[in-house]
Amino acid sequence: MSARPLPLLFLNLGGEMLYILDQRLRAQSIPGEKARKVMNDIITTMFNKKFMEELFKPQELYSKKALRTVYDRLAHASIMRLNQASMDKLYDLMTMAFKYQVLLCPRPKDILLVTFNHLDAIKDFICDAPGILNQVDETFRQLIEMYGCLSAGEFQLIRQTLLIFFQDMHIRVSIFLKDKVQNSNGRFVLPISGPVPWGTEVPGVIRMFNCNGDEVKRTEFTTGGNYVTPQREGSFELYGDRVLKLGTNMYSVSRPAETHTSESSKTLASSAKENIAPNPLAKEELNFLARLLGGLEIKKPGGSETGFRLNLFMTDEEEEQAALTRPEELSYKVVNIEATEEPARRAELERILGDLEVAEPCAESCGKGEDLLALMDGL
Amino acid sequence: ASFQAAWCVLPARILLVLTCQKGIQMYESDGSIMVYWHALDIPEHPPAQAVFARGISAAGERFICVGLSSGMVLVFDIPHKGTNITVSEVLKEHHDAITDIAAELGQAPDGAGDLVTADDAGTLCVWSSGEEFSLLNRIPAFGWTCSSVRLWNGIIAAGYGNGQIRLYEAATGSLRAEVSAHARWIYALDLAPATGKLLSGAEDSFVHVWKLSRNPDTDDVEIEHCHAECVTDTQICGARFCDPEGNSFAVTGYDLSEIFCYSQV
Numbered sequence: 001m002s003a004r005p006l007p008l009l010f011l012n013l014g015g016e017m018l019y020i021l022d023q024r025l026r027a028q029s030i031p032g033e034k035a036r037k038v039m040n041d042i043i044t045t046m047f048n049k050k051f052m053e054e055l056f057k058p059q060e061l062y063s064k065k066a067l068r069t070v071y072d073r074l075a076h077a078s079i080m081r082l083n084q085a086s087m088d089k090l091y092d093l094m095t096m097a098f099k100y101q102v103l104l105c106p107r108p109k110d111i112l113l114v115t116f117n118h119l120d121a122i123k124d125f126i127c128d129a130p131g132i133l134n135q136v137d138e139t140f141r142q143l144i145e146m147y148g149c150l151s152a153g154e155f156q157l158i159r160q161t162l163l164i165f166f167q168d169m170h171i172r173v174s175i176f177l178k179d180k181v182q183n184s185n186g187r188f189v190l191p192i193s194g195p196v197p198w199g200t201e202v203p204g205v206i207r208m209f210n211c212n213g214d215e216v217k218r219t220e221f222t223t224g225g226n227y228v229t230p231q232r233e234g235s236f237e238l239y240g241d242r243v244l245k246l247g248t249n250m251y252s253v254s255r256p257a258e259t260h261t262s263e264s265s266k267t268l269a270s271s272a273k274e275n276i277a278p279n280p281l282a283k284e285e286l287n288f289l290a291r292l293l294g295g296l297e298i299k300k301p302g303g304s305e306t307g308f309r310l311n312l313f314m315t316d317e318e319e320e321q322a323a324l325t326r327p328e329e330l331s332y333k334v335v336n337i338e339a340t341e342e343p344a345r346r347a348e349l350e351r352i353l354g355d356l357e358v359a360e361p362c363a364e365s366c367g368k369g370e371d372l373l374a375l376m377d378g379l
Numbered sequence: 001a002s003f004q005a006a007w008c009v010l011p012a013r014i015l016l017v018l019t020c021q022k023g024i025q026m027y028e029s030d031g032s033i034m035v036y037w038h039a040l041d042i043p044e045h046p047p048a049q050a051v052f053a054r055g056i057s058a059a060g061e062r063f064i065c066v067g068l069s070s071g072m073v074l075v076f077d078i079p080h081k082g083t084n085i086t087v088s089e090v091l092k093e094h095h096d097a098i099t100d101i102a103a104e105l106g107q108a109p110d111g112a113g114d115l116v117t118a119d120d121a122g123t124l125c126v127w128s129s130g131e132e133f134s135l136l137n138r139i140p141a142f143g144w145t146c147s148s149v150r151l152w153n154g155i156i157a158a159g160y161g162n163g164q165i166r167l168y169e170a171a172t173g174s175l176r177a178e179v180s181a182h183a184r185w186i187y188a189l190d191l192a193p194a195t196g197k198l199l200s201g202a203e204d205s206f207v208h209v210w211k212l213s214r215n216p217d218t219d220d221v222e223i224e225h226c227h228a229e230c231v232t233d234t235q236i237c238g239a240r241f242c243d244p245e246g247n248s249f250a251v252t253g254y255d256l257s258e259i260f261c262y263s264q265v
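Those protein sequences? They're chains L and S, same order as listed. Per the UniProt record's numbering, the first sequence starts with residue 1, numbered consecutively. Per the UniProt record's numbering, the second sequence starts with residue 1, numbered consecutively.
With the rest of the complex left out, here is chain L:
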């Protein structure tokens, strides 16, 4: 499978995360200054140079568990805290949104436009911080450099790799259900009308040529679809009209995002198996996490700033209830890694752990035993 999808996965999921956090910060009436600080801090951490360097190296996608850990850390990069239930819901929303965007991309290359939509919006979230703005622009340039010349076939391979990553996830999101974009069984609606992708003709015409290349016959056929020609192509430049709406912010204060996890899809059997079997990739995932998290500079909150807790649900009771009723198959289990590593690896990890300074231990995500995350949380 493709070794190039991780930057796209990370940036798009990060973008969705920021949309949701922005909406919740406003819904919960968090004071403007604190809200702006949280957004700035998370964006700064996300686009940190060393982190981006690691991200852009050719590598395979790792498990959902490993990736989830990175977002856990990212969401806690500032003075904001999230309980496990809220973090779970945040991750559900992020992943289903991006799954939808990847699935509905008209052309495989449009996944780059989706990414640019997210980056454009992230630039708008940044407040009075030209340094961070530059970092985002720099990432933009890196994306154009890395993906700008890929062929349709290479983009399709990236898209297929991402779709496999999201396979069998059918969490229902109320904003999607309301907009009739998702069915009640969790599957996305594929419209058979609207503009065809740029470069595709509206289906329905057969042209036949003789051996000299002259058109000798033309017939038409109907399908039941109702397609039209597209107006224009989206821009792949640093600035420009992307045209595509996928990847733009669909949330606002009046349209909160809720998920339904009480009725899980019956196709979760495969992910349940993934949790039970011993994970042979544990060592690889540990390396991946160590490298990525080593690049994440988590700032200690300043003395005068007091932290606050963000709730992804309407009330604290709802949040508690969600934590209790979350189906087993949907729990994002912490990566279990043996701490008995060889000395060199151990030393490197200890150095990285030392760099990670988390202000408050996150009690809910501490597992028993010697797993790495428990070590980190204990700092």
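Accuracy of the hints is not assured; some may be wrong.
Chain S regions said to be covered by chain L (calculated; three or more residues, Cβ under 8 Å) [to be verified]: (1) 180-194; (2) 226-235.
In silico lysine to aspartate or glutamate, EDC-like type, Cα no more than 16 Å apart, as pairs [what the hints assert, rightly or not]: (3) 22/S / 60/L; (4) 180/L / 233/S; (5) 217/L / 233/S; (6) 217/L / 219/S.
Looking from chain S toward chain L, a few residues come up when the C-beta cut is under 8 Å (computed) [said to hold, decoys possible]: (7) 50; (8) 96; (9) 97; (10) 99; (11) 121; (12) 145; (13) 162; (14) 175; (15) 176; (16) 222; (17) 238; (18) 254; (19) 258.
What the hints contain is simulated information worked out from the structure, not anything from laboratory work. For glycine and all other residues, C-beta sits at the position ideal for the given N, C-alpha and C.
The hints should help you fit chain S onto chain L, whose structure is shown.
Leaving out everything else, chain S in the frame of chain L:
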């Protein structure tokens, strides 16, 4: 992780060929014994370019051809029985990853060759199989990936990433028909050799059945639309006829754990 599977029907035996990330596996037709394993040259650190095998076809009565992401096509010489399978040749005409390979399913007219290979850029190559394969024709790309290809009675049917189906004359490489068939990437083509029916499945959730024929007077290639089926909310990933006449077909899609079968009533 498995990538592709295909039955390769040769006069002496049938082998099941699987491509995966690490290499190519060949099994006896009941899946009981692996008779051959070909490892792909995978560098230690993942390169930016993915490495994989894709495109499988039996060819010329004693060969099995498998495509690679480098654009090369491996030709395996298959003995009547046993495990003494060897790479007899490597075809090096393509510069982009191979997407599909198809062998002649009917009767090839003179000079039409018996094998077609397609790649990511959309280039098609027509070959004549044998001790040494020879390249008969090279059909240039027009800007879109050719995702799947079929060959029947000297007619090449090619499905493209922009939803178009094109028919070419294998003997000359000339374009004989252009169909704006689908609104999205075509994933699968299949052909029923007894009737010339063509099946196309795409990400737009549609499956179409077409009929290929040759006008006996003008020798022109003709294609007509027979049937459209919308598999609601499903991006079709695979579509195959279940019988040589093309009276029934099976369909698979992304996120689908079922195979849908359709038959003509």
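Checked hints:
1. 180-194: holds (count 6)
2. 226-235: Since 6 is at least three, the answer is holds.
3. 22/S / 60/L: 14 Å, holds
4. 180/L / 233/S: With a Cα-Cα distance of about 12 Å, the restraint between residue 180/L and residue 233/S holds, given a limit of 16 Å.
5. 217/L / 233/S: 34 Å, violated
6. 217/L / 219/S: Holds, at roughly 14 Å.
7. 50: This hint holds: residue 50/S lies near chain L, its Cβ roughly 5 Å from the closest one there, short of 8 Å.
8. 96: 7 Å, holds
9. 97: 6 Å, holds
10. 99: Because about 7 Å separates residue 99/S from the closest Cβ in chain L, which is inside the 8 Å limit, the hint holds.
11. 121: 7 Å, holds
12. 145: Given a least distance of 4 Å, the restraint on residue 145/S holds.
13. 162: 5 Å, holds
14. 175: 6 Å, holds
15. 176: 6 Å, holds
16. 222: Check passed: Cβ of residue 222/S comes within 6 Å of chain L, closer than 8 Å.
17. 238: Hint on residue 238/S: violated, closest Cβ of chain L at ~13 Å, above 8 Å.
18. 254: 6 Å, holds
19. 258: 10 Å, violated
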